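Trainee: Below are the chains, spelled out letter by letter.
2 protein chains.
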Amino acid sequence: MAIDDARGLLIVFSGPSGCGKGTIMERLLAARDDTMLSVSVTTRAPRPGDVDGVQYFFRTHEQVEQMIREDALLEYAQYNGNYYGTPRAAVEEQLAAGRNVILEIEVQGALKVMSRVADYVSIFLLPPSMEELERRLRGRGTETEESVQNRLAAACEEVAQADKYQYLVRNDEVDAAVQRISTIIDAEKMRCDRSKYILEDLNYAEPH
Amino acid sequence: MAIDDARGLLIVFSGPSGCGKGTIMERLLAARDDTMLSVSVTTRAPRPGDVDGVQYFFRTHEQVEQMIREDALLEYAQYNGNYYGTPRAAVEEQLAAGRNVILEIEVQGALKVMSRVADYVSIFLLPPSMEELERRLRGRGTETEESVQNRLAAACEEVAQADKYQYLVRNDEVDAAVQRISTIIDAEKMRCDRSKYILEDLNYAEPH
Numbered sequence: 191m192a193i194d195d196a197r198g199l200l201i202v203f204s205g206p207s208g209c210g211k212g213t214i215m216e217r218l219l220a221a222r223d224d225t226m227l228s229v230s231v232t233t234r235a236p237r238p239g240d241v242d243g244v245q246y247f248f249r250t251h252e253q254v255e256q257m258i259r260e261d262a263l264l265e266y267a268q269y270n271g272n273y274y275g276t277p278r279a280a281v282e283e284q285l286a287a288g289r290n291v292i293l294e295i296e297v298q299g300a301l302k303v304m305s306r307v308a309d310y311v312s313i314f315l316l317p318p319s320m321e322e323l324e325r326r327l328r329g330r331g332t333e334t335e336e337s338v339q340n341r342l343a344a345a346c347e348e349v350a351q352a353d354k355y356q357y358l359v360r361n362d363e364v365d366a367a368v369q370r371i372s373t374i375i376d377a378e379k380m381r382c383d384r385s386k387y388i389l390e391d392l393n394y395a396e397p398h
Numbered sequence: 191m192a193i194d195d196a197r198g199l200l201i202v203f204s205g206p207s208g209c210g211k212g213t214i215m216e217r218l219l220a221a222r223d224d225t226m227l228s229v230s231v232t233t234r235a236p237r238p239g240d241v242d243g244v245q246y247f248f249r250t251h252e253q254v255e256q257m258i259r260e261d262a263l264l265e266y267a268q269y270n271g272n273y274y275g276t277p278r279a280a281v282e283e284q285l286a287a288g289r290n291v292i293l294e295i296e297v298q299g300a301l302k303v304m305s306r307v308a309d310y311v312s313i314f315l316l317p318p319s320m321e322e323l324e325r326r327l328r329g330r331g332t333e334t335e336e337s338v339q340n341r342l343a344a345a346c347e348e349v350a351q352a353d354k355y356q357y358l359v360r361n362d363e364v365d366a367a368v369q370r371i372s373t374i375i376d377a378e379k380m381r382c383d384r385s386k387y388i389l390e391d392l393n394y395a396e397p398h
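In the order they appear, the protein sequences are chains B and W.
The first sequence begins at 191 in the numbering used here and counts up one residue at a time.
The second sequence begins at 191 in the numbering used here and counts up one residue at a time.
None of these hints come from the bench; they were simulated from the model.
Check each hint, because a few of them may be wrong.
All copies of an identical chain are treated as equivalent in the list; a pair is satisfied when it fits inside any one copy or across any two copies.
What the hints assert, rightly or not - List of simulated lysine-lysine pairs, BS3-like, C-alpha gap at most 27 Å:
| hint | residue 1 | residue 2 |
| --- | --- | --- |
| 1 | Lys386 | Lys211 |
| 2 | Lys379 | Lys211 |
| 3 | Lys354 | Lys211 |
| 4 | Lys211 | Lys302 |
| 5 | Lys354 | Lys379 |
| 6 | Lys302 | Lys379 |
Small disclaimer: the values here were computed from a predicted structure and weren't measured.
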């Protein structure tokens with residue numbers, strides 16, 4: 191078995207709103223062609239420019255509810271009356287092809303996935319400080335004070351669950367944070383239970 | 191608490207004779223000033239150039255046997271009538287100072303350490319192939335056929351236990367292997383249970 195045949199990693203990736211997940215993911219995916227973002231299923235209507243299977247898999251309420259009944263979603267949630275979920279088969283297909291699949295997902299969904307999947311890597315992205323996070327949330331300048339306070343409180347609740355993840359990565363500097371995540375991926379690939387093919391390749395004589 | 195105050199990693203490092211452990215360690219230590227080799231205790235006599243506390247801590251049989259009785263050695267073994275062991279206090283002192291300490295150690299001692307220590311990282315170094323390992327053992331040209339066969343059999347017995355380590359690293363190319371070990375160290379430092387100080391630094395308000 192060649193190294194290219196090794197299975198990909200399922201990476202559960204969370205962090206509070208405003209901590210820079212989007213930028214980090216963009217740079218990470220640009221840097222690693224062995225890694226991709228999972229595409230979610232949604233019932234919300236496509237917007238101009240949306241392509242089915244790229245931003246989302248666009249499905250009807252009936253279709254998504256059938257997927258839920260058939261346990262075809264690793265996790266799902268409802269926002270504003272629409273379903274959003276992670277399709278198990280699409281993820282599995284990429285993992286089997288050796289690609290690392292990142293689920294960028296809020297904490298509740300992440301915990302659900304971790305409880306249902308045997309093998310994953312979980313990473314929580316942290317802002318350099320809560321003051322900096324507040325600055326970033328205000329920096330958008332588009333929100334009321336009440337909305338900023340609500341988002342900050344939500345961020346604190348998410349950060350309070352960071353210790354349920356395997357790895358903590360601080361986003362003090364974008365390039366450094368991207369490098370740290372890449373380092374975690376490279377190391378996890380060398381874990382014994384994921385790299386036994388190296389032993390098989392060795393072809394040594396088992397001692398009797 | 192600053193990142194520099196974080197505790198070092200205890201790294202248990204093994205691999206069969208002839209797989210290149212010595213060269214890899216030399217390069218790794220040259221590349222990382224946060225990482226050092228553990229110094230063993232021994233009862234063998236110092237050779238010309240040996241400095242106490244550098245190559246080994248040189249002690250008498252009585253002193254080492256007292257350390258054993260006082261559980262002051264993480265592991266020990268006897269070869270040719272001499273004791274060789276890993277002094278717990280010296281290792282602990284370096285870990286507490288934030289330095290990563292590598293125990294380059296054969297499999298039996300490694301398994302003993304893993305069973306006695308709560309927090310460690312274990313890495314097994316593999317040759318590119320058993321044929322290459324045989325070539326390297328023969329390459330020394332100083333040994334009889336019988337001795338080569340004995341060493342090969344011993345290597346196979348060690349490799350058969352590689353799956354008791356957390357990470358497998360193939361030494362197909364020295365620089366790449368050194369980089370892989372360094373990657374493992376960097377990633378393990380980001381494990382949540384070892385980087386909680388980042389959460390403490392954040393100073394966020396716990397949700398009630």
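Trainee: Please go over all the hints and tell whether each is borne out by the structure.
Mentor: Evaluated hints:
{"no.": "1", "hint": "Lys386 to Lys211", "in the structure": "between (32 Å within a copy, 20 Å between copies)"}
{"no.": "2", "hint": "Lys379 to Lys211", "in the structure": "both (22 Å within a copy, 21 Å between copies)"}
{"no.": "3", "hint": "Lys354 to Lys211", "in the structure": "within (18 Å within a copy, 36 Å between copies)"}
{"no.": "4", "hint": "Lys211 to Lys302", "in the structure": "within (20 Å within a copy, 42 Å between copies)"}
{"no.": "5", "hint": "Lys354 to Lys379", "in the structure": "both (21 Å within a copy, 16 Å between copies)"}
{"no.": "6", "hint": "Lys302 to Lys379", "in the structure": "both (23 Å within a copy, 26 Å between copies)"}
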